[in-house]
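Order-wise, the sequence lines are chains X and E. Each residue of the first sequence is one higher than the one before, starting from 1 at the first, in this note's numbering. Each residue of the second sequence is one higher than the one before, starting from 1 at the first, in this note's numbering.
Hint data in this document are derived by calculation from the structure and do not stem from the laboratory. Note that the Cβ used here is the ideal one computed from N, Cα and C, for glycine as well. Among these hints, one or two may not hold up.
[As the list claims (entries may be wrong)] Covered by chain E, per the in silico footprint, the following chain X stretches (three or more residues, Cβ under 8 Å):
(1) 36 to 44
(2) 74 to 84
(3) 107 to 114
Listed below are the residues making up each chain.
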Amino acid sequence: MISTKRRVFLKGTLAAGTVGVAVGAGLLAPSKLLAAWPSEMFEAEGLEAAMEAALGSSDIPDSDDIDLSAPEIAENGAVVPVSVETTMDDVSEIAIFAEENDFSATAHYVLASGTKPKISGRIRLGESSNVVAAVKSGDNWYKTVREVKVTVGGCGG
Amino acid sequence: MSIRVRAQESNGVINVRALMSHDMLVPDDDGGPHFIETVEIKRNGEDAVTAHWNFTVSRNPFLQCEFDGSAGDTVSVSWTDNKGESDSTEVEVG
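Whenever a hint applies, use it, and build me the whole structure from the sequences.
In structure tokens:
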């Protein structure tokens with residue numbers, strides 16, 4: 001389960017951790033980590049840190065050109081279907097985050113040229129959460145956000 | 001372990017659906033965390049999609065993607081998990 005204590009602890013340490021996060025983000029060049037599992041993004045706690053690690057910034061523009069499809073209400077947080085599709089050109093990466101999960105970075109896809117910017121999968125949500133889909137078109141990241149209400153959390157054993 | 005893959009071409013685009021059998025154990029589970037970290041989908045041996053996952057991807061993960069190609073092409077799907085286990089399979093595009 002998502003631990004409430006952990007989130008409180010996280011909030012308390014976030015300020016102190018900012019320098020570390022910044023250093024981590026500076027060292028991390030996401031597009032150069034194609035082969036290795038990008039532990040920095042997946043081990044980052046909280047949405048902001050995860051986005052910093054994955055995208056280089058948590059402050060990226062919203063775009064209406066990203067179609068993020070997810071249920072408004074998920075009865076089972078263990079299996080939440082999420083699809084991302086965009087009409088943007090030159091898309092090389094897609095990343096999916098779940099804001100309320102302790103470790104928000106959920107999936108990261110590297111697309112070769114000739115691969116359509118269209119990915120579907122299933123993710124776990126520990127509780128109701130915003131789901132963020134980020135798309136890298138050319139050199140720039142764009143995002144869109146959708147809220148999914150969960151009636152039974154999905155991160156327990 | 002198994003991977004079930006369906007790869008179907010239509011209008012020059014291959015649609016791939018892959019279902020991987022894996023428990024995707026979260027840290028609170030016995031033996032966890034134990035989860036698929038990387039999935040590689042290739043067409044005729046060339047990278048099409050590389051997926052990196054956290055343990056917050058659902059049990060028995062499903063992945064659907066699309067890329068240019070033709071019927072008769074070969075699509076392979078392989079994964080490796082955080083404990084070094086792996087699986088792979090190859091299908092001909094219908």
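Against the structure, the hints come out as follows:
Counting residues of the stretch 36 to 44 of chain X whose CB lies closer than 8 Å to any CB of chain E gives 3, so the stated coverage by that chain holds, three being the minimum. Chain E is given as covering the stretch 74 to 84 of chain X, and this holds because 4 residues of the stretch bring a CB closer than 8 Å to a CB of that chain, at least three being needed. Counting residues of the stretch 107 to 114 of chain X whose CB lies closer than 8 Å to any CB of chain E gives 7, which reaches the minimum of 3, so the coverage claim holds.
No hint from the list above goes unmet by this structure.
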